[in-house]
Amino acid sequence: MIKHLFWTLLLFSCHSNSNNDSQVKMPPPSDTAQTLTTEKESNELKKTVRRFDNHQRFEIVSFKNTLNKNTTDTDTSKCSGWKLTESDIEKIIKNSEPIGGTTWDLNFLVLTCTKSVKVVQHGQQFDVEINAASFFLVNNGDTSVFFGDYKDSDRKYFIEGPNTSE
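Okay, so the sequence shown: first residue is 1 according to our numbering, each after it adds one.
Hints listed in this document are in silico derivations from the structure and should not be mistaken for laboratory results.
Just so you know, not all the hints are guaranteed correct.
In silico lysine to aspartate or glutamate, DMTMM-like type, Cα no more than 25 angstroms apart, as pairs [to be verified]:
#1 151 / 59
#2 156 / 53
#3 156 / 127
#4 156 / 59
#5 64 / 129
#6 64 / 86
#7 78 / 90
#8 83 / 73
#9 83 / 152
#10 64 / 154
#11 91 / 59
#12 64 / 90
#13 78 / 129
#14 151 / 129
#15 83 / 160
#16 64 / 142
#17 151 / 86
#18 151 / 88
#19 83 / 129
#20 78 / 53
#21 78 / 142
#22 94 / 59
#23 78 / 59
#24 83 / 142
#25 91 / 154
#26 83 / 59
Please take these sequences and the hints and turn them into a complete structure.
Right, dumping it as structure tokens:
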């Protein structure tokens, strides 16, 4: 008897409520179409975002000395002697190669001395942070790519070179 009562209660508690307050309300069709259009436009904008290619033409818009505060290196006195010209920066960018996070972590120190550079390529602006330890980071929105400069001829542009020992 208790079993029968239990099943009866269960069945009645699962019935659908025809009350309008309990139904999920959908936005009018025109609002939905507008939302889809906005998402489509957003996706199209994302497709036009390019990654920086250091082997293609780019223009240096500005650069300035900066300090990296996210490092264990606290010696800022060496930064005053680290000078780069626009021509030096262009050579560094062109001669470097993309590296992964593990390569960056194992082969490069992170020094306090940095140069913040703005470059434009194909009409798109990129923020570049060159570290005095032979690497730089290119940022564009939510994308960041590390580059390392392994060229012996570029060693003169940095305070520290990469660790190239195997």
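Hint by hint, here is what the structure shows:
In summary, the hint linking residue 151 to residue 59 is supported, as the alpha carbons are separated by about 22 angstroms, within the 25 angstroms threshold. Among the hinted pairs, residue 156 with residue 53 is consistent with the structure: their alpha-carbon atoms are about 24 angstroms apart, no more than 25 angstroms. Using a Cα cut-off of 25 angstroms, the hinted pair residue 156 and residue 127 holds, with the two alpha carbons roughly 23 angstroms apart. A C-alpha spacing of about 23 angstroms is found between residue 156 and residue 59, which places the hinted pair at or below 25 angstroms, so the restraint holds.
The hinted pair formed by residue 64 and residue 129 meets the criterion: a straight-line CA distance of about 10 angstroms does not exceed 25 angstroms. Of the supplied pair hints, the one linking residue 64 and residue 86 holds, its CA atoms being roughly 10 angstroms apart against a limit of 25 angstroms. Taking the CA atoms of residue 78 and residue 90, the gap is near 22 angstroms; set against the 25 angstroms cutoff, the hint holds. This hinted pair checks out: residue 83 and residue 73 have alpha carbons roughly 19 angstroms apart, not beyond 25 angstroms.
Taken as a hint, the residue 83 and residue 152 pair is honoured in the structure, with Cα atoms around 18 angstroms apart against an allowance of 25 angstroms. Proposed proximity of residue 64 and residue 154 is supported: the alpha carbons are some 20 angstroms apart, at most 25 angstroms. Of the pairs offered as hints, the one joining residue 91 and residue 59 holds, with about 12 angstroms between alpha carbons and a cut-off of 25 angstroms not exceeded. Proposed proximity of residue 64 and residue 90 is supported: the alpha carbons are some 14 angstroms apart, at most 25 angstroms.
Annotation: proposed proximity of residue 78 to residue 129 holds, straight-line Cα distance about 18 angstroms (limit 25 angstroms). Proposed proximity of residue 151 and residue 129 is supported: the alpha carbons are some 18 angstroms apart, at most 25 angstroms. For a cut-off of 25 angstroms, the pair hint linking residue 83 to residue 160 stands: about 14 angstroms separates their Cα positions. Proposed proximity of residue 64 and residue 142 is supported: the alpha carbons are some 22 angstroms apart, at most 25 angstroms.
Of the pairs offered as hints, the one joining residue 151 and residue 86 holds, with about 18 angstroms between alpha carbons and a cut-off of 25 angstroms not exceeded. Between residue 151 and residue 88 the alpha-carbon distance is near 13 angstroms, which keeps this suggested pair within the 25 angstroms criterion. Taking the CA atoms of residue 83 and residue 129, the gap is near 14 angstroms; set against the 25 angstroms cutoff, the hint holds. Taking the CA atoms of residue 78 and residue 53, the gap is about 31 angstroms. The hint is violated against a cut of 25 angstroms.
Of the supplied pair hints, the one linking residue 78 and residue 142 is violated, its CA atoms being roughly 32 angstroms apart against a limit of 25 angstroms. For the hint pairing residue 94 with residue 59, the CA-to-CA distance comes to about 12 angstroms; that is within 25 angstroms, so the pair holds. Simply put, residue 78 and residue 59 have alpha-carbon atoms about 28 angstroms apart, too far for the 25 angstroms limit, and the pair is violated. Restraint check: the Cα-Cα separation between residue 83 and residue 142 comes to about 29 angstroms, which exceeds 25 angstroms; the hinted pair is violated.
Only pairs whose Cα atoms come within 25 angstroms are accepted, and residue 91 paired with residue 154 is accepted, the gap being roughly 8 angstroms. In summary, the hint linking residue 83 to residue 59 is supported, as the alpha carbons are separated by about 20 angstroms, within the 25 angstroms threshold.
The earlier numbered hints that this structure contradicts are 20, 21, 23, 24.
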